[in-house]
Every structure is written in structure tokens, then in C-alpha cells.
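These are the residues of each chain, in order.
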Amino acid sequence: MSVASRSSVENQPQIPQQRDRRSRPALSEGKKQERKLGWLLCAPAAIVMVAVTAYPIIYSIWLSLQRYDLKFPENREFIGLANYATVLSNNYWWTAFGVTMLITVISVAVELVLGMGLALIMHRTIIGRGLVRTSALIPYGIVTVVAAFSWRYAWTPGTGYLANLFSPEGAPLTERASALAIIIFAEIWKTTPFMALLLMAGLALVPDDLLKAASMDGASWWQRFTKVMLPVMKPAILVALLFRTLDAFRIFDNIYVLSAGANETSSVSMIAYNNLMKGLNLGIGSTMSVLIFLTVAIIAFIFVKLFGTAAPGSDDVDGRR
Amino acid sequence: MAVETTSAKVKWGLLDAVVVVFALIPVLWIVSLSFKTTATLTDGNFIPREWTWDNYKLIFQTDQFVRALGNSIGIALISTVIAVVLGTMAAYAISRLDFPGKKALVGVSLLIAMFPQVSLVSPLFNIERNLGIFDTWLGLILPYITFALPLAIYTLSAFFKQIPWDLEKAAKMDGATQGEAFRKVIAPLAAPGVFTTAILVFIFCWNDFLFAISLTSTEQSRTVPVALSFFTGASQFEDPTGAISAAAVVITIPIILFVLFFQRRIVAGLTSGAVKG
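Chains A and B are the protein sequences, given in the same order.
For the first sequence, the positions run 1 to 321 when the numbering used here is used.
For the second sequence, the positions run 1 to 277 when the numbering used here is used.
These are computed hints drawn from the structure, not numbers from a lab.
Using N, Cα and C, we set each Cβ at its ideal position, and we do this for glycine too.
Please note: incorrect hints may appear among the correct ones.
Computed spacing ranges between beta-carbons, pair by pair [as the list claims (entries may be wrong)]:
(1) B/T52 to A/G98: 29 to 35 Å
(2) B/L138 to A/P207: 48 to 54 Å
(3) B/K172 to A/K31: 18 to 24 Å
Quick list of in silico lysine-lysine cross-link-like pairs, PhoX-like style, CA-CA up to 25 Å [to be verified]:
(4) A/K31 to B/K172
(5) A/K32 to B/K161
(6) A/K305 to B/K103
(7) A/K31 to B/K169
(8) A/K234 to B/K161
(9) B/K103 to A/K36
(10) B/K9 to A/K212
(11) B/K172 to A/K36
(12) B/K103 to A/K32
(13) A/K36 to B/K169
(14) B/K11 to A/K36
(15) B/K103 to A/K234
(16) A/K31 to B/K9
(17) B/K161 to B/K184
(18) A/K32 to B/K184
(19) A/K212 to B/K11
(20) A/K31 to B/K103
(21) B/K172 to A/K32
With the rest of the complex left out, here is chain A:
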């Protein structure tokens, strides 16, 4: 997984540049055919992806500039940036934003450490490699809602083994701090294997000879890890971090099942959903959609600028040139 710098694409959300105009001398017949075939084969995928994402996000910008409550459709009116002022001056929004950030930062940080450990185990273990890999895939594959229900019942007073063990009196899911801790824990359980698999791909790139040589020179295990393995794995680590950060930021299922967003445990996805489904307020809901989209774009941009990370798979393109 070689990773090249390709920041230009990230900066332009959703603009399908089907043709970049390059003026070149007349192409041979075969070349033209190849282009045509290439476009033809990619067109259906490109059209679906753009139609279902680019158009709605633009439409939601348009909706976000209107007062539009489905309960009072006759009051629909263009109100400029008033919705943004409403959301951005609202405590619920900022609480949810803080909760989302907290969950993202803690879960990704813990997952990085645990994921690295799991990757090392899956990569190096001398017995039961298949068994470990198979079990690690279960949290990855299992339906998030199913896992969330399992955790919820485990922490339900009376019903659950964990509740009886750790807090015989009290209901951990109804207090803010413990509910958030359980949500973060559930998130970590579910996604550490994914992180580990991405890191394992990076581990596979570390040449064994290099490790042996370092070990001959008297490097300790820790030195081999930090001086030899980490530098080689850096691209894989950054890709894993980028994907998991943006993914954690979208957290919804776990919160919905575990606490339903009670006691200020809502994420931004939760309140955007509630606004739409319970409030039926399309204007405000769309404003939140746009704000979440912008936040994700900014996070991605920071990652790309700061670390020069890029797409896994961009080597698919560059490799042929």
C-alpha cells in the first residue's frame, strides 16, 4: 500500500471531473477506443455515486437556507443564514459536538494502541493464527445494532452480568459519564479489528531482514518497534487513523441503542436525525447536515495537510504510469 500525496482531490468535494481537458495531439484510433471504453465502464458507477451524494448535499444547502418545517409547510420561506445562526448559538448542538469529538478522540486513540497490539498478534502469533483472525473478524462483521443490544443488556441492572459485577446498585446507562464510557467501549470493541487489519497490512511491509539486522545490532524489542517498524508503517497508520476518525465522527447506531441520546449523550448524527424524525424540521436538519459535512471535510483536510496522507488505492492509478 504505497501512499502518494494527492491533496488536490480532497479539496474539491464531489465535483465529478469526468474529463480533464488536456489538449493533446490527435489520438490514435486504439487510444480513442480505450478512452471511450474506460468512460463507458466507469459511467454507471460515477453517475450513481454523484447522483446520490452530490445532488442531495447541494439540495441540503438550499434547504438549509429556508425556514421549512414539515408541520407548518405553509410557512416555508427563504431566510438566508438564519438557520445557521440558530444552530450555532444553540447549546444542544455544541454539547452534541463536544460529545462526538470526545468519543472520536478517545475511541480512535485507544483503538490505535489496541489495534497495533492485535495486528502484532495476528501477524506474529506462532499458534492459532487462523483462530485469532477469525475471532477478530466477528466484531468487524457483526451488525452494530446487535452488538449494541448485547452491551445494553449486559449493563442493564438485574439482567446483565456486567451491571451485576461492576455496579450492583445504580444504572450505568442512565448516568452521563458511565453511559459515555460504555458507548466508547462498545465502539472500541466493534472497530478495533478494522484498525488492526489496516495496520496488519502495514506490518506486512516491514522487511524481516531489517528486523533481524536490528536485532543482531543489539536493538531491544522496543527500539525495533519504534525505529524500524513504525517508520515503515507510517503510511498505513495514517490511513487507518484518517478512516477511523471520520468513521467515529459519524457514530449513531451505538448511541441510539445504548442511551438513545438521553442525559446529553447525543452525537451530532443523533441530533440531526432527531431534528428530522421527531422535529420534522427540514430547514434545521439540513443546516446540521451541512455543518457535519463541513466538519468532516475540515478533519480530512487537516489530516491531508498535516501528514500528507492520501488514498489507499491511489497506487492503483499511479502504479501503471
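Given the structure of chain A, go ahead and fit chain B onto it with the hints provided.
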């Protein structure tokens, strides 16, 4: 690594055991709950004291669950087939052909893989209502295909890059027709990659909750994850824990089977594509 000593084996064995236990406990717990009788449901025991199939019998008698299961299977299968077909076409073009716009396509797919899905919920809700596809299979299939495509394209183009395409030419030189060369040489080589991608895409569609809960409103198109969260038990005053657990186990079975039989392929697919669904 050094010589395989017994102590090293014990050390790795212990680490393996930690991982296995950690990964499996929540699954075993929900299985255990699903077999508990109503009387023992709230005893907090990890292993049921009395075993019963009642919860399973109950859910398969309710329309709510059976229809949701049908919806889940239908929607996930249709989305998987379409996403894999479109993804195969695009990935073939990306890995084999030279054409302008290729980088842009890869970039767009990457963006969509990272796209906050909740941002689409409000606009899609309104668009689908206006188009009349709200609360239909199509209304869910469309976003599923969209978010499965980046996964399909990355995974497949990584697989396609490894195929020795020259074999096709060689087969033709040996007198095979274009069709034969494709059918007998290329298709068998490409099949494992396509199959792996299909599993990953299916898992993604099977898993979705956000779109399913926002873009449906009745049993007509509700999938199991959503139906679960609406379970109320046989009567209003009955605790739905047992029923929810049984339904949760039922939709976990396909995942467990995939993981058991195709562990190697799933790992290869995820590490080469490196995009999560």
C-alpha cells in the same frame, strides 16, 4: 522470530486466548439471552439456567420480524449484486485502461467512503418523498449501492491488478476465441476477488441502521436492525429482551458463517482495499 520454544508458545497462546474471549463474549451473551426463559431472563447469569426455543418460535410467528428478515435479505442481495457489477466494470477500467478522469473517479470514491452519511438523511428523506420512493426497497438500495461502490471499486481494482492479464493473450494465441479466453482463463482468476468483494459489500448493507431507520416508516421496507429497535414483545407489557436477542442471533448467523468459511478472503479483501463499508 526465534526458535519456537514452549514458553513462546504459551505466551502467544495466552494472548490469542485474550483476543478470542474479548471478541466472542458479547456474541455469546446475546446467544445466552436468546435461550433464556421469561422467568430467568433477568437473573443476570451468563449461562441460562433453563434453556428454551420459545423466543425463536415467537419471533418467527410475528409478521414484524419475518417481513423485516425478507426485506433485509432482499435489499442486501440486490444492492450487493448491482454494486459488484458496477464496481467490477469501473475497477476493470481503472486497473486496465488508460483514460482521463480515472484519478478523479478514484478521488470521488474515496470522498464518498469518508462521507458523513447523516448529511444525506435530511435531503434524501425529502427527495425520496417527492419521488415516491420513500419507504420502498429502491429507496434503501440506492444509498446502499452508493456507499458500497467505493469499497467495491478499491477492493476489486486491488485484486484485478494481481491478475496476469497476459494469459488472455496467450490463450488466444493457442487458438481460444475471445469468449473462451475470458471464460476459461480470466473469469476463474477474477472470481475469488469478485466473491470476496460481494461478501464485504453484503456485510455493509446487512449492517446499515441509519439509512434504514430514516428512509423507512412501515414494515414494507424496514430491515431487521430497525425492526429490532421497534420490538415491543408479544403484548405491550412484556419485556422484549428475549425476542430482540433471538432476532439479533438470527441476523448474526450469516456473518458468523462468512467469517468461518471465508476468513482468509475477508482479511485479504480488507487489507488490499483498505476501505471500510
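### Indices of hints not satisfied (ascending)
1, 14, 16, 18
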